[in-house]
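J.: Chain residues, written in single-letter form:
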Amino acid sequence: MIAVFWAAYVMLGAGALLTLVRLARGPSLLDRVVATDVLLVIISAGLAVYAALQRDPTVVPVLVVVSLLAFVGSVSVARYIGGMLLTSGGDGQDVGLPLADEERIARGAEEERR
Amino acid sequence: MSDVDSVRDVVAVVLLLAGAFLCLTAGLGLVRFHDVLTRMHAGTKPQVLGILLIMIGGAIRLEGWSATWMLLLVAVFQMLTAPVSAHMISRVAYRRRHVRRDLLLVDELRTGEAADRLYRGDEPADAPPEEPATALEESRRDEGTLPPA
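Sequence order for the protein chains is A and B. Once you know that position 91 of the first sequence is 72 in the numbering used here, the rest is easy, because the numbers rise by one and skip nothing. Count along the second sequence starting at 1, add 5, and that's the number in the numbering used here.
Just chain A, same shape as in the assembly:
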């Protein structure tokens, strides 16, 4: 059964590492918010898997705290980014922050097609 335990931990760890890759690469703040949200969920899942596999209920209260923190963090950062939306007239594109990476890529592809 040790192999099964290792499989669970390896899958959780690989998921967390890939989430960290997305957290580091961005490209936008919202991608990082989504990545931190998923990372906290994976951390709480890992704690729950540990508690279940070792039959150790002492870490269970930590789960409640982590899931609360994930919600408060992602919602507050989303509100914060929403507050940065300053419509500068015209086309409704906000000012003060760089162009979204996805839009830049799409525009670049459009330029190449021409």
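Treat the hints as calculated values from the structure; they're not laboratory data. Here the structure is a predicted model, which means the values were calculated and not measured. All clues given are correct.
If you want the footprint, here are the derived chain A segments under chain B, 3+ residues with CB under 8 Å: (1) -15 to -5; (2) 37 to 49; (3) 52 to 63.
All residues carry an ideal CB built from backbone N, CA and C; glycine is no exception.
Given the structure of chain A, go ahead and fit chain B onto it with the hints provided.
T.: Chain B alone, transformed into the frame defined by chain A:
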């Protein structure tokens, strides 16, 4: 302590493995997908189904009602908060144009080209105008869709 001996334990371990696999798929989706909305789609898999599976597995493995109630609390809380935060993040993502609109099949939030600036959105700290009719008329005059008075 970490022995697996009965059918109950086998069921619990299978549920835990399924939840861990959903966490792995979330990581893969976050890396492979190409904009915020699709990444959110991948990231919500462990947030709801994965956490539920792992909580059920943990409740089977851990004896005692106190742990079971706390795991149930976590599961209910996740199911309450995941739609709220997903809604807020996706709304901001759409407004800040982090969405690849060229890949969308249906874009129901797209407003017409002649949308007035006054009622474009409900951004935070955006108060409705005190006299809506005159404010709307003025904004249309500013944009040139109405001739100046």
